[in-house]
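S.K.: Here is what each chain is made of, one letter per residue.
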Amino acid sequence: MTDKSAYLTTEEMWGRLFSSPSVNSFMTAGDEYTELPGLSDYITELCSAGSVKPEVVIRRANIERSYGHRLFRGSRNPSRDTVLQLAFGFGMDVKDAQQLLKVARHAALHPKVRRDAVIAFGLENGWSVIETQQCLYDNDMPLMGGASHV
Amino acid sequence: MFEKLIDRINELQSAVYLAGHGNEWFGLDEVGEGPDASDLLAELLATYEDSAYPAEFISRYTMTECLAERNGVETYVVQDAQGNRYVAKCYDRSVWSFGEDTQNTAEFENDQSGDYRQDDQDVHRGNAGISFSLLKEIGGEGIPKYTTEYSNDAMFVTVREYIEGIPLDRYASENELSREQITDICMQLCDILAHLHHRDEPIIHRDIKPQNIIVRLAETESWAETEAETEAGTDAETETEAEADSRRQEKLHIALIDFDIARVHNSENDTDTRFIGTVAYAPPEQYGFSQTDARADIYSLGVLLRFLLTGSPRENKNISVYKPLAEIIDKCTAFSPEDRYSDIDQVKKALAKANPSAQRLRIAKIIAACLLAAVLFGFTGFQIYKAVTWTPFSEDAIPAYTSDEERVADAVSYMNDKFDTELFSGNEGGLDGMTGTDAVATIGLLKTVLIDCYGLDADYVNAPNTEMPHESEDFFLPWTWNDSQTINRSVMVYVAVKLYDPERVADWSSLKDDNGEYPGERVAAAFAEETGIMTGANRPDDITIGEMALILANTDRVFTAAGAVGE
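Read top to bottom, the protein sequences are chains A and B.
Heads up, the first sequence is in this note's numbering, so the first residue is 2 and it goes up one at a time.
Heads up, the second sequence is in this note's numbering, so the first residue is 470 and it goes up one at a time.
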């Protein structure tokens, strides 16, 4: 039989990774699409708010250049992995990355998923995409961008 | 406990700091032997506990995404070693029980304490039947293939095909779906449901909603394609109208997912004791009035159709829906299951009849056959061609009369009978108190007809007296009129067409186009030309009460003949 008390709750698991106490606020699944801004508007806004050029974000995200520009123009729906790469491109922490995933209508990073934990760890510690990919590779996990662009 | 965690994080972060800046800060050529962030991460990962998941499942798949976690079910996207994606559902056995002796039927325990045992089956049998052996059988077009199941003491895991695509609620919020696309989606859903309902042991999905319908993407975009497009037009900042138009004509392929609460219909049971489903989409009996059968899915399909057409699953009388489809919605969502379609095939037939593109296709086929006949038989071909090109709006729908007076008299009695009224006899509503069918009709009369006979909302009919032009979408009559004003024929035709087929004139705006014409009026006029709904109404301005009846009666007959208006 399973002893439930041996498992950590979701919140405890996040606590184990990071000190942020307000996990619930960004773990709620967003099916109210109408209330969310479009991804392209959102990332364009982020660029101007942070005075950073899309070009730089795309390069740091290690996304193919022309595909990256199409993301900013709004003509493509990126996969979850591509959105995560964008989060690295912006140098986001986990909280901001969760918001970005939500805007892109993708599932949030979940502490129960080891691969997500590695990615979250990388984001929170300011790793680059390459460093994080290396870590995924070392841990025998699928690299970001391996799946198709949906 | 918490201090420990915070210390841990600080430790992790300072380690990363050192790893990143060690060289420059300490003048070292190589990173020192100090704590490495990767080691700390490895340590952290080592704390992950997998023993709850079946070992074979964990060794074969890597979880990449957690889609949901509720009611003791975790849903993950997983990848195998070849990079193929699947959806895995992990059922916590402390919440779910499985009668594994016969069919692997899972039953949700009402009491979360876990005190229930398998022998309490009189309480739980059939509550939320999930039969995995059945799920494996039911694969087909538009249904994800179930591949395997894994089990241990703590969990039961099912693995199914991952459907590449976008949930319909999101697709509909981001793309304007055409009526053809909406009808087609619902018809595809009918096919999928027919496959489930028409088995020896019917399977009722019971959670039909846009979130559970995936719009499949025909092929995923390649980098090459993206690059080519970028080179071709870097200034194409936004989608052109032509692109949007062509997207509205695309055929969308769908799949139905989430067979979590799908169940085998057990005709011996008469009530579902526990509510399962999604509130707006669930039929009344799913709240426990009686056992749900295939008509529960028919109900939800009706709600889905309404959502796709109006943007809301709930009824809104202010949004006019293309009438043939509105009738299908009403019949699907009747409170009592007896009043609904009894079989999903009937829904599909009704949708096919209401689907304009299907009708056009049918006409095209008939024309093709007639052209062939014309070649073969020479002289009769043209006449046959002429006859069939009028469908679905047949000229024969409007009876032939020797005089316009006869037409008017017939139309007046037709309309009075149809709506059980005297309004069209002209006892009131004529200009300057004139009476009789020859009296000039007023806007006031028209508004009464719209409200009393056609059941339109008074606020929707009465446009506010604001500055011109005002937005037309919120009001049936796009102009601001006084009740004492007269009506010209083209306005009457516009009103008649809008009553029966609002989408046909939906591009209407109160702004005149480049030709100085109102687009909706022009569309309505062309339609009148094609179908003959103006037959007998001879004067362009100041139409009479009789002519008003005539235009409305002609329109009603034309649409009834086309099968678009039910009795």
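A couple of the hints might just be wrong.
Claimed, not checked - Taking beta-carbon pairs under 7 Å as the criterion, some of the chain A residues facing chain B (in silico):
#1 Leu102
#2 Arg106
#3 Ala108
#4 His111
#5 Arg115
#6 Arg116
#7 Phe122
#8 Pro143
#9 Leu144
Keep in mind the hints are simulated off the structure, nothing from the lab.
Backbone N, C-alpha and C fix where the C-beta goes; we use that ideal spot for every residue, glycine too.
S.K.: Are the hints correct? Go through all of them and say.
M.R.: Now the hints, each set against the structure:
Because the beta carbon of leucine 102/A sits about 10 Å from the nearest beta carbon in chain B, more than 7 Å, this interface hint is broken. A hinted interface residue such as arginine 106/A counts as satisfied when its beta carbon comes closer than 7 Å to some beta carbon of chain B; here the least separation is about 6 Å, so the hint holds. With a cut of 7 Å, the hint placing alanine 108/A at the interface with chain B holds, because the nearest CB-to-CB distance is about 5 Å. At about 4 Å, the closest approach between the beta carbon of histidine 111/A and any beta carbon in chain B falls short of 7 Å, and the interface hint on this residue holds.
The beta carbon of arginine 115/A comes within 6 Å of a beta carbon in chain B, closer than 7 Å, and the hint placing it at the interface holds. At a threshold of 7 Å, the smallest CB-CB gap from arginine 116/A to chain B is about 6 Å, leaving the interface hint in force. With its C-beta approaching chain B no nearer than about 5 Å, phenylalanine 122/A sits inside the 7 Å limit, and its interface hint holds. With 7 Å as the threshold, the beta carbon of proline 143/A comes within range of chain B, its nearest partner Cβ sitting at about 5 Å, so the hint holds.
Using the Cβ-Cβ criterion of 7 Å, the hint placing leucine 144/A at the interface with chain B is not satisfied: the shortest such distance is roughly 10 Å.
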